[in-house]
Amino acid sequence: MKRELICIVCPMGCHCSIEVDATAPKGYTFSGLTCKRGEDYAIKEITEPTRMLTSTIRIEGARLPRLPVRTSSAIPKERIYECMGMINALRVTGPVSMGQVLIKDLFGTGVNLIASRSL
Amino acid sequence: MMSMNTYEIIIVGGGPAGLAAAIEAHKGGSQKILVLERDRELGGILMQCIHNGFGLHIFREELTGPEYAERFIREMESLGIEYRLDTMVLELRDDRTVDIISSEHGFETLQAKAVVLAMGCRERARGAINIPGTRPAGIYSAGAAQRFVNMEGLMVGKRVVVLGSGDIGLIMARRMTLEGAKVLAVAEILPYSGGLTRNIVQCLDDYDIPLYLSHTITNIEGRDRVEGITIAKVDATRQPIPGTEIHYDCDTLLLSVGLIPENELSKSAGIRLDPVTGGPVVNECMETSVAGIFACGNVVQVHDLVDWVTEEARKAGHHAARFAQGQLKEGSPDLVTRAGHGIRYVVPHTIRVGNLEQEVDLMMRVTEPCKNKNLVVRHGETLVKKVRKVHLTPGEMESIKIPVEKLQGLSGELNVCLEEVAHEA
Amino acid sequence: MIDITIIGGGVIGCLIGRELSRFQVKTLLVEKDSDVANGTTKANSAIVHAGFDCKPGTLKGKFNVEGNAMYDRICGELSVPFKRNGSLVVAFSEEELPELHSLEKKGKQNGVPGLELLSGDEVRRKEPRLSKTIVEALYAPTGGIVAPWDLAIAAAENAMDNGMELRLDTEVVNIERIEGGYRLLTAKGDAIETRVAINCAGLYSDHIHNMVAEPCFKIIPRRGEYFVLDKSEGNHVSHTIFQCPTPNGKGILISPSVHGNLIVGPNAEQVENPDHVETTAAGLNAVREAATKSSPDVAYAAVITSFAGLRSTPDTGDFIIGEAKGAPGFFDVAGIESPGLTSAPAIAVHVARLVRSFFGNLTFKTDFNPVRRPVVHFSQLPNEAKAARIKKDPRFGRIVCRCERITEGEIVDAIHRNAGATTVDGIKRRLRPGMGRCQGGFCGPRVVEILARELHIPMTEVRKDRPASVLLTGVTKMGAGG
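Chains as they are written, first to last, in this note's numbering: chain H, 1 to 119; chain V, 120 to 544; chain P, 545 to 1026.
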């Protein structure tokens, strides 16, 4: 199966494609890429794509009604909406400090949801 | 008349530029520094930029806007630098006095030995781009929408079209989607996006939001609230092509059509502005045409990365401290930089070689996207510096560092341009 | 029963309300929108015409010159900025000269003072940015500029200070005759009983008239589109520059606005109904093209907004002012197109006289105060006064609109005055936040917050303008999976 991608490793933004090929050194053949880092990105993007998720949660007892939050590192892309559901249901009471863990170990990935400012 | 409060350095603006300038001025030995911030907290626009992608160059990690700001705010507070919130500078004069007001302190006039301008930029408005149609509710600049959604927790609409593919517009397309809105399309009048590729992939492609390049909005409908928007393809002169219209039923239009340096105060002080950047003309120390008034960050040129704002602000803060301590050599510049073929502008505009400590960092933007060019600095016919660039786009600022040795003894023009790469064996 | 009900809170209705508030009668002004000055009054050329182009003997001719002469006093009493900047009608060729000279002649017949014909060179000495093709011009020193919404709002406020009642969001949908007067039925479902009704419904005045009397006129909305340029261009010209009029109107003008911007427009286009307030690419292009004739180097890059307004043009050719036939106590003040703004103060006095004689006589209030409590324009105060003002009310120390330098204190005052603002556009109209360079990008969220706080409503209920102009559609955290 062939997949079309835009590489985001560097500002070049190579339009490329990747295809499973058991005979190739990395198990895939590539076209349109100009560097090795792009190949690794493309493999990750079709096997286990991940994304950082940033959002806000409800906060009470603070100067603002919303607290910005983020995942401590990237989470599986297909879990984003599920994670948004958890974020939307979450409420905290201030004060909260930057980096404070709000949800531990999202989906058993070891990734936490943390506050991205003090409020 | 009340006795005038005096400071060594007054910094106008407590966003990323102002914070970094203040810290650097303090490190440079300035004792009495005051940062003036018009908002209710420090951090500037970063406080509403809750997405990640800040700090890769400065901190070697990916932070969100508020995190990036908070690191600087903490550092500034730990250094004991004085700041005032909810304080607006009404006027700046070329003798480095400022009139300020605040609820807490009322009206005051302050005197500084050096002033650093760090007011940032503002978004271009709809009128400036003349979209025909009605003027209903539901038309927001991307930045205003970002403030409502991220800081106030309020939704600006349910079905959204975005005009302009600047990064804030792309980021807001994803934010609105994740908050349950339907983003129908992003239209960009240019044949390329002004936003980072990464944002196109992760904010649009990830959520199947179409990006229409070479498209603009030709009509807005709705008497009270936006009810519909028509976009159409444009020709080479950016005029809509009849028959290419696409209509959307929507209730919201977000505008992400560019940023303009905020220089009302600079004008009041008689500071010379560059019509291309919209910001002050500056020298190697980030000093404006008025001696002792420095400028940095988006007030000088609209940056694409906050990291470069920080770097530029450190430079301004450092040299403002030198000026306040009488260490800068005044006088006319040795060199004037010039944007040559393929280059839209160059900052700084002038160089006094005697004030350079190690090198000068020329920052610039190209006029259009291109690949495989040499970015070249020449003094007359003499090559001063050449850098091979694989990929160039107006959306990404370029910089060239030139060591001071190479400029020693030179005067006249320093020409920056793009040249073809010679075929090498 | 209410003595007098004015239908429509445009500049005409508001000024009539103020005139009637001099008398010991119960006066009510009803307005269908959420603010006064919300129709034609908010979107027109904002010119106080000298009065040379009206046909002598018409109501337009009479009230224009009378109204013009009243402006200094009324704007003084109501603290409304007004400037007699003078106007120039320019002619581009010998062929236009007969028209220009006939304007001068009509002007003299109408009693316009100070008219003068200038040569092309004399014109360009006055206005160096005007076209070299201009051969002659008619100069009228009494021409002026004013913000019509300022005048209407100030008049409504002053009328209320003197006892008038104002009901917003009150649309009259039908009128019944009752013993000794009329019953006005509103869209909300309530009824207002009144002895006298005055129809100042602008674009809708024919509909209102037809609820009571035999149809005898029709309003044909004519749209005009305009550019507004940044204050940096406000000095492009100092006089109001007209071209020779055509059957379609006074033509495209270029003028400074009383708030320091430059205004260019309008074209004239008949539209189907009063909801067509959209601008069009073709219309704006036409404005630009025509204006280039007067001044070739207007910096359109400095346009900060464009807008369209509707003229309530009557099919009768003149203002319709007086008691409707067969409807005693029902007065029409309709078809008030240009020079309606200029004529408004004189029309108001005239209508008050008609109403007074309808009642036989009305007693003057002894405590009528014609002077409106002055509005503090913080940015224009001297520094000592700024300091004193903040000390008195710290909210004046907080700038909300950066472009126009408007403080929270001014916004709060604009909300709590009589005829105060209830919407974002209402604030904008009174104080101009959102009218500057950023067009509300920065101050928009803050203005919404202040309106919500002062009106004791949630931010999601704050509106831009009319009730359906919802700004915020809900709260976050309700989306995907929430």
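Do not rely on the hints blindly, as some may be mistaken.
[Said to hold, decoys possible] Quick partial rundown of chain P residues pointing at chain V, CB under 7 Å, derived from the structure:
id, residue
1, 825
2, 988
3, 1023
[As the list claims (entries may be wrong)] When the alpha-carbon atoms are kept at most 30 Å apart in a straight line, the in silico DSS-like pairs for lysine-lysine are as follows:
id, chain 1, residue 1, chain 2, residue 2
4, V, 277, H, 36
5, P, 732, V, 277
6, H, 77, V, 301
[Claimed, not checked] Partial chain P-side listing against chain V, Cβ under 7 Å, derived:
id, residue
7, 706
8, 721
9, 925
10, 1012
Derived from the structure by calculation, the hints contain no laboratory data. Ideal Cβ positions, reconstructed from N, Cα and C, are used throughout, including at glycine.
Comparing the hints with the structure gives:
Annotation: interface hint on residue 825(P) holds; nearest CB of chain V at approximately 5 Å, less than 7 Å. The interface hint given for residue 988(P) holds, since its Cβ lies 5 Å from the closest Cβ of chain V, which is under the 7 Å cut-off. Because the smallest distance between the Cβ of residue 1023(P) and any Cβ of chain V comes to about 2 Å, under 7 Å, the interface hint for this residue holds. At roughly 42 Å between alpha-carbon atoms, residue 277(V) and residue 36(H) are farther apart than 30 Å, so this suggested pair is violated.
Restraint check for residue 732(P) and residue 277(V): the C-alpha separation of about 29 Å stays at or below 30 Å, so the hint holds. Our distance criterion of 30 Å between C-alpha atoms is met by residue 77(H) and residue 301(V), whose separation comes to about 19 Å. Taken as an interface hint, residue 706(P) does not check out: its beta carbon lies about 33 Å from the nearest beta carbon of chain V, beyond 7 Å. Interface restraint check: residue 721(P) against chain V, minimum CB-CB distance 33 Å, threshold 7 Å, status violated.
For residue 925(P), the suggested interface contact is broken, since its CB lies about 9 Å from the closest CB of chain V, more than 7 Å. Because the smallest distance between the Cβ of residue 1012(P) and any Cβ of chain V comes to about 4 Å, under 7 Å, the interface hint for this residue holds.
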